[in-house]
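J.: Please work from the sequences and hints to get the whole structure.
Now for the letters of each chain:
There are 2 protein chains.
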Amino acid sequence: MKDKIKIPESAIRRLSLYFHHLASLKELGVETISSREIATVYGLAPFQVRKDLSYFGAFGRRGRGYNVAKLMDKLGAILGLDRSWNICLVGAGNIGLAMYRYQDFKQRGFNIVAVFDSDPKKAGQTLKPGMAIQSMDQIEQTVNQKMIQIGIIAVPPQAAQAAVDKLAAAGVKAILFFPSSQILIPKGIALRRVNLGLDLEFLSYALTNN
Amino acid sequence: MKDKIKIPESAIRRLSLYFHHLASLKELGVETISSREIATVYGLAPFQVRKDLSYFGAFGRRGRGYNVAKLMDKLGAILGLDRSWNICLVGAGNIGLAMYRYQDFKQRGFNIVAVFDSDPKKAGQTLKPGMAIQSMDQIEQTVNQKMIQIGIIAVPPQAAQAAVDKLAAAGVKAILFFPSSQILIPKGIALRRVNLGLDLEFLSYALTNN
Numbered sequence: 001m002k003d004k005i006k007i008p009e010s011a012i013r014r015l016s017l018y019f020h021h022l023a024s025l026k027e028l029g030v031e032t033i034s035s036r037e038i039a040t041v042y043g044l045a046p047f048q049v050r051k052d053l054s055y056f057g058a059f060g061r062r063g064r065g066y067n068v069a070k071l072m073d074k075l076g077a078i079l080g081l082d083r084s085w086n087i088c089l090v091g092a093g094n095i096g097l098a099m100y101r102y103q104d105f106k107q108r109g110f111n112i113v114a115v116f117d118s119d120p121k122k123a124g125q126t127l128k129p130g131m132a133i134q135s136m137d138q139i140e141q142t143v144n145q146k147m148i149q150i151g152i153i154a155v156p157p158q159a160a161q162a163a164v165d166k167l168a169a170a171g172v173k174a175i176l177f178f179p180s181s182q183i184l185i186p187k188g189i190a191l192r193r194v195n196l197g198l199d200l201e202f203l204s205y206a207l208t209n210n
Numbered sequence: 001m002k003d004k005i006k007i008p009e010s011a012i013r014r015l016s017l018y019f020h021h022l023a024s025l026k027e028l029g030v031e032t033i034s035s036r037e038i039a040t041v042y043g044l045a046p047f048q049v050r051k052d053l054s055y056f057g058a059f060g061r062r063g064r065g066y067n068v069a070k071l072m073d074k075l076g077a078i079l080g081l082d083r084s085w086n087i088c089l090v091g092a093g094n095i096g097l098a099m100y101r102y103q104d105f106k107q108r109g110f111n112i113v114a115v116f117d118s119d120p121k122k123a124g125q126t127l128k129p130g131m132a133i134q135s136m137d138q139i140e141q142t143v144n145q146k147m148i149q150i151g152i153i154a155v156p157p158q159a160a161q162a163a164v165d166k167l168a169a170a171g172v173k174a175i176l177f178f179p180s181s182q183i184l185i186p187k188g189i190a191l192r193r194v195n196l197g198l199d200l201e202f203l204s205y206a207l208t209n210n
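Taken in sequence, the protein lines are chains A and B.
Here the first sequence stands for residues 1 to 210, numbered as in full-length UniProt numbering.
Here the second sequence stands for residues 1 to 210, numbered as in full-length UniProt numbering.
Since the hints were made in silico from the structure, they are not lab data.
Careful, some of the hints might be misleading.
Copies of one chain are not kept apart here, so a pair can be met inside one copy or by any two copies together.
[Claimed, not checked] List time: in silico EDC-like cross-link candidates among lysine to aspartate or glutamate, alpha-carbon distance up to 20 Å:
#1 Lys173 to Asp73
#2 Lys26 to Asp104
#3 Lys6 to Asp199
T.: What follows is the structure, encoded as structure tokens:
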């Protein structure tokens, strides 16, 4: 794998989409697919699909298309989807609990194995047998015990930086981040923002300017 | 306003960020700001900030910076944030109800004024005084009565296309879309996808390849 080339985030996102499309084709028994066919599903140019795949070496042969199962396996390995990940949730509010209850993630190998909240009324509550909401000062110990690699932060903006710092200090290397606040990202942490407010504002822009 | 130029989505997203940064500066009593200062906050080149703003005409003067209040008002008008929007939610599951309960949106002028669900056990339940969950066949009438412009779809993948089509038929022009399924977007509809699974997969990629 070429690891010195900076691969655009948009390409990674498309690889995820290709992976899921291939998974559904495999279920339907489809054996080969062309870059043109993949491209059509997502309204892309076939060149774009080939370019996205080329970041990770040569797949398939010109004119023969790709083997669905093999390409899916390779993309899965690139995306780290051939294994499972242990996740902790910081913030047991509405968004946090929605993430916790969303079964799709588990099917994809993303397991929420710990939940933390700073509210003493919440800490101690049990979400299901064996899954108690823990207080924030238990983050370090639990992250280490349960070998947690990814954190989901769904706390109010004013608590966001402390949550990031606690996870980083405990050794978590990747964070999915819901608060809208600006933060300093500790070195070596991959942080992905979800900003639902910005998504709504994009729609308000579209309605205002169409 | 130039309306023939196609403005990149990424620029619109940055304008939203600038708007919120200006709002917090205004609260702090700051009167002027340079493109360089805005750029620093977001790790951008000052040129990028000037370019994003230039899509909508000239703001401020070279060397003097921007007037915070004026620039904020202009960005607010561009983004449609100088008014409020009526929103309906389709799908009263975990993600849907998290969106419903998220108070930040209301403060920004995004009001969820109706909630629909196909589950007859949910339809009829009351979320708060005056806000009953309605059945799907009430979408058209309610969208018209309450002058709803934006729909949030948080239904299972297999119900997603029907929900899009119902909202479009009722006259909704903008949709925030949570299901991971592929869909046909009716003409004239602005649709913005939120795919939390892809965001987690981006982190799994980052962990696998760093």
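J.: None of the hints should be skipped; say for each whether it holds.
T.: Hint-by-hint comparison with the structure:
1. Lys173 to Asp73: Intra 24 Å, inter 39 Å, cutoff 20 Å: neither.
2. Lys26 to Asp104: within (19 Å within a copy, 42 Å between copies)
3. Lys6 to Asp199: For Lys6 and Asp199, only the inter-copy Cα distance (18 Å) is at most 20 Å; the intra-copy one is 26 Å.
In this structure, the one hint that does not hold is number 1.
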